[in-house]
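There are 2 protein chains.
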Amino acid sequence: MHKLYIVGIGPGNYEQMTIRAAEILKTCDVIVGYTVYIDLIREHFGEKEFLTTPMRQEVKRCEMAFETAMEGKTVAMICSGDAGVYGMSGLLYEMGARYPEVALEVIPGVTAATAGAAVLGAPLMHDFCLISLSDLLTPWEKIERRLRAAAEADFVICLYNPSSKKRKDYLRRACEILLEYQSPDIVCGTVVNIGRAGEQKKVLSLEALKEEQVDMFTTVFIGNSQTMSLEEMMVTPRGYRNV
Amino acid sequence: MHKLYIVGIGPGNYEQMTIRAAEILKTCDVIVGYTVYIDLIREHFGEKEFLTTPMRQEVKRCEMAFETAMEGKTVAMICSGDAGVYGMSGLLYEMGARYPEVALEVIPGVTAATAGAAVLGAPLMHDFCLISLSDLLTPWEKIERRLRAAAEADFVICLYNPSSKKRKDYLRRACEILLEYQSPDIVCGTVVNIGRAGEQKKVLSLEALKEEQVDMFTTVFIGNSQTMSLEEMMVTPRGYRNV
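These protein sequence lines are chains A and G, in that order. full-length UniProt numbering applies: residue 1 is where the first sequence begins, and numbers increase by one. full-length UniProt numbering applies: residue 1 is where the second sequence begins, and numbers increase by one.
What the hints contain is simulated information worked out from the structure, not anything from laboratory work. No residue lacks a Cβ here, since even glycine has one placed at the ideal position from N, Cα and C. Incorrect hints may have been included.
Said to hold, decoys possible - Taking lysine-lysine pairs in the DSSO-like style, the calculated list, with each CA pair at most 30 Å apart, reads:
no.	chain 1	residue 1	chain 2	residue 2
1	A	Lys201	G	Lys73
2	A	Lys3	G	Lys202
3	G	Lys26	A	Lys201
4	G	Lys201	A	Lys26
5	G	Lys3	A	Lys201
6	A	Lys142	G	Lys210
7	A	Lys210	G	Lys142
8	G	Lys48	A	Lys202
9	A	Lys73	G	Lys142
Claimed, not checked - Not everything, but these chain A residues come out facing chain G in the computed CB check (under 8 Å):
no.	residue
10	Gly121
11	Met125
12	Arg145
Please build the complete structure, drawing on both the sequences and the hints.
Here you go:
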């Protein structure tokens, strides 16, 4: 049986990778991935074959990984964060039927929601939703329906892909929807370049978030009705104090 | 300034800890935690001071951590999974105002949602919610409202704390609520003892999940309307194939 690992490398810096992920990247023959992620980790795994494809070439990247595995090489496909959260593990399992001789194994990693939460303090301490604002693969109506449901039930919300060149006003549109249900004072946070050079956090109100310019390297957090701003940190209480 | 790290150790085995978490546990003076988690990692960090408290002693455990840090020792409070997901980071930030000389830093880890997802294949590939079924700290009405909102908006759902001795029928109650909105054939999965001895997964329908006996070491996944069962794995498509 040939082996193809799907490895979440965490938010970006080597130290936030798991020990198991680093071991697999050290011992595999070939590392496949999106160019930007390969560049983030290349220096730590020196002498090795790297195969890269640009963004939006996901199917081609997966075929490349399967075909390289079929040659008898141990292959690791890398994804930023966790490979199972808006990553490549779903597509690889879907395509896997065409390559029955290749065994897949997912190595989990730290996703941007929890890595970003750590920078902000403790925003995700209670029930939360992850929603991607990218409508490349999901109709906007479905995204909007999920935003409404999440706000109505007072979930903490973590937004992935809050913006891109073509979707500059999506975060504003999302905030306007949330403001139909939630107070403008709800505590929110943003983290840009989590675990990488230039990491920066901000704690602000939902009203202010609506006016915020964010880029595709930003993860956005919207608190629930109990979330507090404590010394510039974003903290959602869970209730232990009352126990 | 004294230092208190809040460290997510991942689902349990040493290899699923991040490199940064392991470094901090190696270099700190004292490790504080719930007895079960200390026992999971103790062998890897030999000569060190360990302070443990049993479950439900969360406030006491935090006070112990702050007071030890005030003595000038570098302290790491450990949590399973990620410290910011139903962990201790929120309470520590809330109590932090009483200890202004202690600087807090959260070290993120792999939470049960993504670690369990890796075992099942790729269930979390699209927008998802994390909901804890424990009503120790949250009224059941709020939990129920969140289950309804998540099912209505077709989120993938990951349930933490699906059962305990006192809450044997909570998973059944949750499934009954979800069945008001979703098909009984929706693909679900369970993983018990993620990353530990005795790890086991199961892929089953929502109807079957309702009858399932689970324990407090189980993480439960409920697919969205598109989630598939592929060769005993649970896979939620994201749509790359149509790009």
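Exercise for the section: Take the C-alpha atoms of A:Lys201 and G:Lys73, compute the straight-line distance between them, and say whether it is at most 30 Å. Expected result: holds, 28 Å
Practice task
Given the hint that G:Lys48 pairs with A:Lys202, test it: the Cα-Cα distance must not exceed 30 Å.
Solution key: Not OK: G:Lys48 and A:Lys202 at ~37 Å, beyond 30 Å, violated.
Exercise for the section: With chain G as the partner, please determine if A:Met125 meets the hint condition of a C-beta pair closer than 8 Å. Expected result: OK, holds: A:Met125 within 8 Å of chain G, min 4 Å.
Problem - Interface hint outcome for A:Gly121 [beta carbon to chain G under 8 Å] - result: holds, 5 Å
Exercise for the section: Measure nothing beyond the straight line between the CA atoms of G:Lys201 and A:Lys26; if it is 30 Å or shorter, mark the hint as holding. Expected result: Holds, at about 28 Å.
Problem - 30 Å Cα cutoff - pair A:Lys3, G:Lys202 - result: holds, 22 Å
Handout entry: Hinted pair A:Lys210 and G:Lys142, Cα distance within 30 Å
Key = Holds: A:Lys210 and G:Lys142 sit about 27 Å apart, inside 30 Å.
Practice task
Take a quick look at whether G:Lys26 and A:Lys201 sit within 30 Å of each other, Cα to Cα.
Solution key: Measuring from Cα to Cα gives roughly 28 Å; hence the hint holds.
Practice task
With a cut-off of 30 Å on the C-alpha distance, tell me whether G:Lys3 and A:Lys201 pass.
Solution key: At roughly 20 Å apart (the allowed maximum being 30 Å), A:Lys201 and G:Lys3 satisfy the hint.
Handout entry: Interface restraint verdict for A:Arg145 against chain G (beta-carbon cut-off 8 Å)
Key = holds, 5 Å
Handout entry: Hinted pair A:Lys73 and G:Lys142, Cα distance within 30 Å
Key = Violated. A:Lys73 to G:Lys142 sits at ~51 Å, over the 30 Å cutoff.
Handout entry: Pair hint outcome, A:Lys142 versus G:Lys210 [Cα-Cα no greater than 30 Å]
Key = Distance of about 27 Å is within 30 Å: holds.
Hints 8 and 9 from the earlier list are contradicted by this structure; the remaining hints agree with it.
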